[in-house]
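Chains as they are written, first to last, in our numbering: chain A, 1 to 341; chain B, 1 to 341; chain C, 1 to 341; chain D, 1 to 341.
Do not rely on the hints blindly, as some may be mistaken.
Treat identical chains as interchangeable: a pair holds within one or across any two.
Pairs of lysine to aspartate or glutamate, EDC-like flavour, derived with a Cα cap of 20 Å [what the hints assert, rightly or not]: (1) Lys-308 x Glu-115; (2) Lys-308 x Asp-122; (3) Lys-309 x Asp-122; (4) Lys-149 x Glu-47; (5) Lys-308 x Asp-126; (6) Lys-18 x Asp-254; (7) Lys-219 x Glu-127.
Since the hints were made in silico from the structure, they are not lab data.
Number of protein chains: 4
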Amino acid sequence: MYSFNNDYSEGAHPRILKALTETNLEQNDGYSMDRHTAHAVSLIRAETGRADADVHILVGGTQTNSAVIAAALRPHQAVIAAATGHINVHETGAVEASGHKVLTPPTANGKLTPEGIRTILDAHMDEHMVQPKMVYLSDSTEVGTVYTKAELTAISDFCRQNGLFLFLDGARLGAALTSPANDLTIADIAALTDVFYIGGTKNGALFGEALVITNDALKADFRYLIKQRGAMLAKGWLLGIQFEELFTDGLFYDLAAHANACASRLRDGLAARGYEFAYPPQTNQLFPIFTDEMIERLGRDFLFMPDKKIDENRRSVRLVTSWATTEAGVEEFIRALDSGR
Amino acid sequence: MYSFNNDYSEGAHPRILKALTETNLEQNDGYSMDRHTAHAVSLIRAETGRADADVHILVGGTQTNSAVIAAALRPHQAVIAAATGHINVHETGAVEASGHKVLTPPTANGKLTPEGIRTILDAHMDEHMVQPKMVYLSDSTEVGTVYTKAELTAISDFCRQNGLFLFLDGARLGAALTSPANDLTIADIAALTDVFYIGGTKNGALFGEALVITNDALKADFRYLIKQRGAMLAKGWLLGIQFEELFTDGLFYDLAAHANACASRLRDGLAARGYEFAYPPQTNQLFPIFTDEMIERLGRDFLFMPDKKIDENRRSVRLVTSWATTEAGVEEFIRALDSGR
Amino acid sequence: MYSFNNDYSEGAHPRILKALTETNLEQNDGYSMDRHTAHAVSLIRAETGRADADVHILVGGTQTNSAVIAAALRPHQAVIAAATGHINVHETGAVEASGHKVLTPPTANGKLTPEGIRTILDAHMDEHMVQPKMVYLSDSTEVGTVYTKAELTAISDFCRQNGLFLFLDGARLGAALTSPANDLTIADIAALTDVFYIGGTKNGALFGEALVITNDALKADFRYLIKQRGAMLAKGWLLGIQFEELFTDGLFYDLAAHANACASRLRDGLAARGYEFAYPPQTNQLFPIFTDEMIERLGRDFLFMPDKKIDENRRSVRLVTSWATTEAGVEEFIRALDSGR
Amino acid sequence: MYSFNNDYSEGAHPRILKALTETNLEQNDGYSMDRHTAHAVSLIRAETGRADADVHILVGGTQTNSAVIAAALRPHQAVIAAATGHINVHETGAVEASGHKVLTPPTANGKLTPEGIRTILDAHMDEHMVQPKMVYLSDSTEVGTVYTKAELTAISDFCRQNGLFLFLDGARLGAALTSPANDLTIADIAALTDVFYIGGTKNGALFGEALVITNDALKADFRYLIKQRGAMLAKGWLLGIQFEELFTDGLFYDLAAHANACASRLRDGLAARGYEFAYPPQTNQLFPIFTDEMIERLGRDFLFMPDKKIDENRRSVRLVTSWATTEAGVEEFIRALDSGR
């Protein structure tokens, strides 16, 4: 069984594992107060062009989202997200558990627009309703699409005009930045948002999300929030070391580019055979539409997730490639498309 | 200016005020441990046919909703409500502030259905998502409609089959029970739900909502929840006395019937003149559709709330009648419909 | 049985009840947007000498405390209070339910000191601990004592030097301000604190606490917090009317002075007979020490609360007088002290 | 500089790192649904003698404490802990952020007693106060002491008689179980508590705490709580693999025994030179008392944490040994005691 279940099915890129092994018996200060983390932070500041940014590396995405939103919002304030947004559907209500409502405007292909956000603002006018104060979006999105520079700029402008914080979930930022459909740099993202993070878990680290806070209003006391949410790793240098590697010699981009290249090969193979996609195939998450019979047959040799019902006998599924996806795995899948046809 | 803004624009029915005055210098135990509250509770148990019910009288609806939901749900559990439900839009995120997500299935005319609720259950299957555990509905609804006995029974059956608590917000229960479209009794409601409340604020009391808990699983320690949410009135007998009056000689029903009769007269006057309604006019809340010009003109002499845009130059508005609405006010409004036509 | 249980055993002062009755059929805007509330607010601004203050009138103390603290603190911040403080022991963890820890320094006679507060600051130094950000105190305190101007000024200075908000719970502010031991005015309190409230429930109103926010940093969006906590009364003018009366012709002070005078008479009677007090008797709450036998005997004719064990066969009890306490009740109690001796 | 700062200053025991490396390119299911975790769970069930236990492995202690307490308590319920307990002082109010108060009875040497717990129960009697429902204790404690079997049994009996859950924080369970002062087995602990955890972070793992839930009432839906708190590691097998190693061939005990042996050597060296300890030296945390001058001098060559002021010119400090502490480090410290005397 070869798995296209997700981009976190294997451990870490060998360079990362090697670095962890070589530093294993060093004595380091705990709680991310170590020199590796300091170095990783300086690398990330350089990469994003923001020497003034506060950078914190947390273990996982849900705790990062929860900490940022709890840090930014007062009790009566709410966050706007796509209905498909990770915080809205796949975090077991972590945002609500912190006391905040998630408001979901209409979207297409998992992407927010200024127009959609405006419908939320227009509907929330007084103290009987929650007060929208932050916009949350993911790039790449949960359905594999990416924001263009024009799209993200329009949202950023709208947010600034309307007093909304803009928070970008970059759990799959590598896949976004190395997508052929992308025209953003990581510096653009730092400039257009108030806070965002750079995902390691889904791009070759054992775990780790590097949060970059550029808006001063969101910086104060953030380590308190990390600690309170149980997101402060005792051996914090494990996070620092991994990001030192990711941001040395472009490893972060190389790994994501590999995942995208594997996805492109799959996409081409699927498209050449006439398969449609539920969402535009732009990154390492593909959502091809198969008949139920085809899904059953492919499922004998490959692991992948169901997505949604399309019509009476067709469904979309999710195929995910990663830094660790092998050429052999990809080719085998494409061959399997033909074998039983 | 005559106000149709809502059903809580005046104080209390004179019988209630008289009772409060006559008992003013009695010394009573605080926090609803007094004899008036005990008597009111016994009257409500008799009225609902549930001698086993726990009855608590709280000051207002938002705190009652918040206390019930917080008492019933564990941290990962969610409540299902109509998108128009009071807890979803008009309580400033009080449910989320208690840590719980509100899930909103498709509805028509503000009413939930088993089919709609099922779509929520089907979409929430594992621990990455919140767990739906309670259904919240209002009767009458926030758009003035009522549930029939068949409809409420179907929802109740569905909830019991699926392990969901059923909670009925009866802030306007009087208007529902005395609506021509209603075929439920208060005893039916007690039998079909796990917990519900009987609204006083919108039916002739100064304030007060009588919560009736029939499901033993929801009874334990409820006074702790009331107190923690700041919903335990020091002079709790003020609540007891008001409900003693409401449930003596049928005052509760008489007041609601008056409100509904005033609304029926308005509805007939509007319908006779060809006005349409955004929702079926069944209780003391009417949503007639007017041109913007008509709204502007009526607004010179009457207070009422805007509802929603219908088309380029028409909107619905909300007209609410109450126990205190005068015949003169109603007739004046009907005359005003003609005056400038 | 005559009750000295508390100062909220009767309804409202007749002037208040009369005002409620006379305005009963007025149509008023809901949610404290009415003209009576506006008038009450202007009276309170004048009385406190703070035309710039934001004034909100809420139903009860627990919800007021919860709303203020939730409005003021970020998730990692904590409030400092006396161990005997109402928020620490008698609100069922409402502050913690809003997410905040209550920190309790050593105190004497229920009163905080700068030295005590400093011990808390010294012990909370980094992000592994909560961050103290607000000081909460009650005047009069929960044990009936009052702060002098020198004491409150010292605390106020300390708070300002250390970036702490100062919040004064005035549920029994009337009793404090009319105590012989007091040298503060309500304007002093407004000047020395960031936010405080003026209790109506325990001083002759049916209910109602008038919150006065003088620090701009605490003003923003406060009505959202009120609503979210279920503390926004639909018929908000009921609150406004009561405070109109309390702050017209000095009623607020007269009622508290009466309560204190009754307590002074009791105190003198007790002291003359050699009884000691667990705390200095300064306001309308007295804590005389009786033998168990005496408590049993007095308990046959009077209601009062137990306080704490003093030694093998003596305990303190709490006697509370109010605006409604009668001379006859007081004299009867004093006679009872002698009767069985 | 040799560090005695804590027991998490180095990475992982080489066997653990080797296992992580060897399995690095395996494809595993995410979120702890993998075979390594299943194997680790079976090893832990065997070790604890509880085949019926639910076992979950989380990344860190604060998130484990928060998830357990949130899972166990209703909104009005509180947890009892030593004032020195980790949840009370070193988790930035994570318990309060979940809505629950921490109640702290008097203790000696960081250990709870039934008598102390009873004082809390006696003081919390009605719905105006929080309801104590869980007892939290740490073994070894935050001051390095251990519970004897008699002590833990007495607390366990008390909890069962009084309807309290008993939760044991075993972040340093290895140090406790291998202490000369200990007479408990891990099976005893499983039998005497309702839920406890086995610390990996402070005993040779990169990170990881294995939670063992033996009380059925605490098992339901626990994975929802893990996910909601952001404590569900995507690559959950990293946790499973580490606990496979720790519970194969007794590694868990060997590592802790090494830490304790190093501490014993330090203790003997200190005692032989007449130094006193602020708490009984029983495990890998020692709290010797030094003059300020001595602290200054030792601080030139060694890292350690300050503890508390003892008298005018003496303080206690905390020395912590670990699985990675070297004999050379220990001997050097002992020599340093003499060098400047």
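Against the structure, the hints:
1. Lys-308 x Glu-115: The answer is between: 18 Å across copies meets 20 Å, while 26 Å in one copy does not.
2. Lys-308 x Asp-122: between (31 Å within a copy, 12 Å between copies)
3. Lys-309 x Asp-122: Between copies only: 13 Å across chains, 33 Å inside a chain, cut-off 20 Å.
4. Lys-149 x Glu-47: For Lys-149 and Glu-47, only the intra-copy Cα distance (18 Å) is at most 20 Å; the inter-copy one is 56 Å.
5. Lys-308 x Asp-126: Only across copies: Lys-308 and Asp-126 sit 16 Å apart there, 37 Å inside one copy, limit 20 Å.
6. Lys-18 x Asp-254: within (17 Å within a copy, 26 Å between copies)
7. Lys-219 x Glu-127: between (27 Å within a copy, 14 Å between copies)
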